[in-house]
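Heads up, the first sequence stops at 513 in the working numbering, and the numbers go up one at a time, no gaps.
Calculated directly from the structure, the hints in this document are not laboratory data. Each statement offered as a hint is correct.
Calculated lysine-lysine pairs in the DSBU-like style (CA-CA distance at most 35 Å, straight line):
1. K237 / K118
2. K120 / K284
3. K265 / K356
4. K477 / K420
5. K89 / K196
6. K265 / K127
7. K420 / K449
8. K356 / K256
9. K384 / K477
10. K408 / K384
11. K284 / K371
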Amino acid sequence: MNDKVRVRFAPSPTGPLHIGGVRTALYNYLFARQNGGTMILRIEDTDQTRFVPGAEQYIIEALTWLGIEFDEGVHVGGPYGPYRQSDRKSMYRQYAEQLLRDGYAYYAFDRPEALESKRKEYEAQKKTFQYDCTSRGSMENSLTLPADEVQRRLDAGEPYVVRFKFPENLDITVHDLIRGDVTMSSNLLDDKVLFKSDGMPTYHLANIVDDHTMAVSHVIRGEEWLPSAPLHVMLYKAFGWESTMPQFAHLPLLLKPEGNGKLSKRDGDRLGFPVFPLDWHDPKTGELSSGYREQGYLPEAVVNILALLGWNPGTEQEILSMDELIKLFSIEHISKSGAKFNVEKAKWFNHEYMQKLSDEAVAEMFQPQLKAHGIEAEHDYVVKVCGMMKERITFPSELWDTCCYFFKAPDSYDPAAIKKRWKPGMTTHMAKVIEILNTVPFEYDAIHKALLDDYIVGNQLNMGQIMNSFRLAVVGKTVGPDMLTLVMTIGRDETISRVQRAIDTIGEMKDVQ
RNA sequence: GCUCCGAUCGUCUAGCUGGCCCAGGACGUGAGAUUUUCAUUCUCAAAAUCGCGGGUUCGAAUCCCGCUCGGAGUACCA
1 MNDKVRVRFA PSPTGPLHIG GVRTALYNYL FARQNGGTMI LRIEDTDQTR FVPGAEQYII
61 EALTWLGIEF DEGVHVGGPY GPYRQSDRKS MYRQYAEQLL RDGYAYYAFD RPEALESKRK
121 EYEAQKKTFQ YDCTSRGSME NSLTLPADEV QRRLDAGEPY VVRFKFPENL DITVHDLIRG
181 DVTMSSNLLD DKVLFKSDGM PTYHLANIVD DHTMAVSHVI RGEEWLPSAP LHVMLYKAFG
241 WESTMPQFAH LPLLLKPEGN GKLSKRDGDR LGFPVFPLDW HDPKTGELSS GYREQGYLPE
301 AVVNILALLG WNPGTEQEIL SMDELIKLFS IEHISKSGAK FNVEKAKWFN HEYMQKLSDE
361 AVAEMFQPQL KAHGIEAEHD YVVKVCGMMK ERITFPSELW DTCCYFFKAP DSYDPAAIKK
421 RWKPGMTTHM AKVIEILNTV PFEYDAIHKA LLDDYIVGNQ LNMGQIMNSF RLAVVGKTVG
481 PDMLTLVMTI GRDETISRVQ RAIDTIGEMK DVQ
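Turn these sequences into a full structure, and let the hints steer you where they fit.
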């Protein structure tokens, strides 16, 4: 039996978290919860040049909104802290030194400019320069320089990096939970920098040290890490941590909806769907990238959408709550190929989740819109309207346009509908509608009998013409719920006044023609 | 270029231990039903010769090989 399940989501605070990252966090979360394990949030901010203020807070806020919670992490603490790599800076050097001492790594003094020109040189010959077993012998490092020279440079404070020394002719196998065994030859791998000249570790070193010291059991991350996984495996071996090495699972990538390639930050606004969970204001450019939350997506819907992009429960069920996902999630059912995001299906999911919302919750979302239009309506009334209208919308933002006539009389009438429905003599029929409303008890059945059964059907009149004109008078166009339900909702006086106004305006207009 | 990963309807996918698959579901699309209208809802339909070519086998979407295409990586970035 293995140790307790401990997984981590380890983003870099270089900007807003995009949905691919959110999905990675979600899968980690589902796996952790399913196994009664621990979910950790670790911030990988070893690149000081790419640090973006606010990004860390954004990540936390986004995941909180989606209901992805952490047991340990930069914002909640925990026994394996600190959880921000910049706060762990002091502990990495000793590990680099251990590797140096044991011969798994070496000092390299080559300046960035020297490496750059080397790359150009190779490029000119249509080759790619790689700092590896074939080239390290001709570079400035502790493998080529005499020991006293190396020491002199170190003592003089010359900048250096520490590189991993890949052994030659070794096949390295990474066992991936999704892809099976993946084998690569060490000869093709380059001597990655482990420790930078600014005193910070690179991702590779920090990641392995942290995963080990935080007792991480499973590394679930994006497929872009698969090529460097052999290095990570080698690092575990070099440190002597092979027996507790975590298991790897490399997730397929989220692709652009059209065309090819990995989903990127720019795709969202161009294609009309968000790639970020929340709105993001770029502190440098002031640019706004829109988020799911602000577009009106429900967090449960976003979780559901993302869960099914690269995984399926093996059944035909598609609407899945977080609890169900936790129960059903399995790494075996994660697909191997990349998935394209489908906007239409995302909207469908949101519509489905919209229906699950209580009428009160929808009304709550509607309040700001009412306020913006200067409407003050009774709470119960708003709830009732929302209950009736929610099945017609995908996003809460559509509420006002689809049901504003419950709150105010139309200020214009759809010309096409007038032409089609308000035929000569309609003014008389509408006057009759008012008469019926004035004389018959204001009850659904009574009005139905008097208007629909007795007047329209009884006189063999055109049901479509009259009811649609009635609707046109009340709504302004020919959309909306059952006409009598609408009448019962807005009330007798309001209905009569709207019909009268339609008679005055439309009726006059038509008479003139 | 090199390395690795992948490849089923337009999209997400089921299919994993070969026969129940001339391939199932969902979104979208089309048609119809219901309704006084719009929407919802319901029904039906079209839609993948399982990337291509070889094998193995009585039998392959499922196993093997090659090819092609797509993706990722190839930084003192993660």
